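Protein chains: 2
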Amino acid sequence: MAGRAAVPEVIWARPERTGRGPKPAFTRADIAAAAVRIADAEGLDAVSMRHVAAELGCGTMSLYNYVPRKEDLYELMIDAIGAEHEMFEPTGDWRADMLRNAEETRAIMRRHTWVPRLMPGVFAFGPNSLRYLEHCLACLEPLDVPAGTKTELIALLNGVVTTYTANDIATVERTRSMPWTVEEENAVRMAYLGSQVATGAYPRLAAAFMEQSGPVDLESVFRRALERVLDAYDPDLR
Amino acid sequence: MAGRAAVPEVIWARPERTGRGPKPAFTRADIAAAAVRIADAEGLDAVSMRHVAAELGCGTMSLYNYVPRKEDLYELMIDAIGAEHEMFEPTGDWRADMLRNAEETRAIMRRHTWVPRLMPGVFAFGPNSLRYLEHCLACLEPLDVPAGTKTELIALLNGVVTTYTANDIATVERTRSMPWTVEEENAVRMAYLGSQVATGAYPRLAAAFMEQSGPVDLESVFRRALERVLDAYDPDLR
DNA sequence: CCTAGTTACGTACAGCGTACGTAGTGCGCT
DNA sequence: AGCGCACTACGTACGCTGTACGTAACTAGG
Chain A
108 MAGRAAVPEV IWARPERTGR GPKPAFTRAD IAAAAVRIAD AEGLDAVSMR HVAAELGCGT
168 MSLYNYVPRK EDLYELMIDA IGAEHEMFEP TGDWRADMLR NAEETRAIMR RHTWVPRLMP
228 GVFAFGPNSL RYLEHCLACL EPLDVPAGTK TELIALLNGV VTTYTANDIA TVERTRSMPW
288 TVEEENAVRM AYLGSQVATG AYPRLAAAFM EQSGPVDLES VFRRALERVL DAYDPDLR
Chain B
108 MAGRAAVPEV IWARPERTGR GPKPAFTRAD IAAAAVRIAD AEGLDAVSMR HVAAELGCGT
168 MSLYNYVPRK EDLYELMIDA IGAEHEMFEP TGDWRADMLR NAEETRAIMR RHTWVPRLMP
228 GVFAFGPNSL RYLEHCLACL EPLDVPAGTK TELIALLNGV VTTYTANDIA TVERTRSMPW
288 TVEEENAVRM AYLGSQVATG AYPRLAAAFM EQSGPVDLES VFRRALERVL DAYDPDLR
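So the sequence lines, in the order shown, correspond to chains A and B.
Start counting the first sequence at 108; every next residue gets the next number (the working numbering).
Start counting the second sequence at 108; every next residue gets the next number (the working numbering).
A couple of the hints might just be wrong.
Since copy identity is lost for identical chains, a pair holds within one copy or between any two.
[Unchecked claim] Computed cross-link-like contacts, EDC-like style, restricted to lysine to aspartate or glutamate with a CA-CA straight-line distance of at most 20 Å:
1) Lys177 <-> Glu292
2) Lys177 <-> Glu123
3) Lys177 <-> Glu248
4) Lys177 <-> Asp147
5) Lys177 <-> Glu326
6) Lys177 <-> Glu334
7) Lys130 <-> Asp275
8) Lys177 <-> Asp200
Don't read these hints as lab results, they were simulated from the structure.
Only a predicted model underlies this, so the values are computations on that prediction, with no experimental measurement involved.
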């Protein structure tokens, strides 16, 4: 009988298998992949212990041999998508490399729209996350600042990517399992915003609305924000 | 019979009351306040329709007259804490004003540790959020850049605040309703991280670990990040 | 070989969001 | 004045959730 711990525990510190008894039928990677598959196809709310167990072809409670709490399943999921990062050879141009990393993170989030909702809750230091962190530090080798500043830059970039991308894809995740489309929902929300701005209660916001002509190009807004952050850490610009 | 809509809907576009029938017993603010009280005291997971209704002293299903879906309750909560922002008179120093806004946002999140977990899911444009946005634009009046750039700066700052603060308070929210303390959980996680770094698999990460002496001052890390972002938008520095 | 530790998993329980139906209330219209 | 309807109120019920607990099968170490 495994039992849940009465003391804090990091799932990554648990050995994947322990000699005695029947061989486990699945690896952590199998389980994470199944959960990710479900979340991608049916949304994060469809990721239940029962559903994941069924996807794996085992009983619900068998899953608890591998994943003590549901929260740990979330950690497996976040770490699993960390493996999708291409850990390329650093080019020596830290700005270009970090831009590439950020663009890749954004692409991963677009593939897995449930990531932003999960991020704030998990302790994202599984093996793949650590590998990615190490990769970023390798890219930042040419940048001549203290290591602490480098990790701050990495955190800041990740934050910017998460924030900007979360806004884009929130509606996608929300309208899943709703009887209407992303476009319909966005139209209703925009109409509401327009009506509020039209009341005259927010003059500066109204001016900002008027100023923009045509739809905003989210991609270039995103890239501009990244450049700004990189500028802020570039010794050549100060 | 009210019924849930089969078409997208913004709760803020719904009128709070409509002439006919008995007078509603609560306002949206009452409901939001009750939900916030529960989330603050018992954590976000304790915010159930039943629980909030009980806090208000009404039947569970009566709540659905005011809040068509639980997701809308979340929107009410996020907007309610927007009212905690002090909308001070802009001083003319946009950097100082925006720093103050950011510090206040951080303080609000520290008071309501469930905010980061909720943020990515909600459409945060209720009346208080709009008022805050307008306030930020007022603070940025002296900054001579296009309105689009200003809203980008606001979004970026909010993102940085959310990311940095979410990391600080994630454990607080996680250990709620767990039989151990924040300190115990952090100790276990740090021990795990130390063991991973000690394997030698992450040399650059190990070096970064070695470099830091003593505990990190999260507050100054946060403030440094803000300054960097502001630098990136300051025309006087380019 | 035995036994202790493990895997496997069925059952059960408390709690969730919410669909639906019914009863009561009071504004607006005729 | 009074009818009718829109609205509030809320009890019941359904299908779902995470997971505690108990039992049976299996296998490596002593």
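Hints, verified against the model:
no.: 1; hint: Lys177 <-> Glu292; verdict: between (31 Å within a copy, 17 Å between copies)
no.: 2; hint: Lys177 <-> Glu123; verdict: within (17 Å within a copy, 38 Å between copies)
no.: 3; hint: Lys177 <-> Glu248; verdict: neither (38 Å within a copy, 47 Å between copies)
no.: 4; hint: Lys177 <-> Asp147; verdict: within (18 Å within a copy, 23 Å between copies)
no.: 5; hint: Lys177 <-> Glu326; verdict: neither (34 Å within a copy, 32 Å between copies)
no.: 6; hint: Lys177 <-> Glu334; verdict: neither (38 Å within a copy, 38 Å between copies)
no.: 7; hint: Lys130 <-> Asp275; verdict: neither (44 Å within a copy, 39 Å between copies)
no.: 8; hint: Lys177 <-> Asp200; verdict: neither (41 Å within a copy, 48 Å between copies)
Hint check: violations occur at hints 3, 5, 6, 7 and 8; the rest are consistent with the structure.
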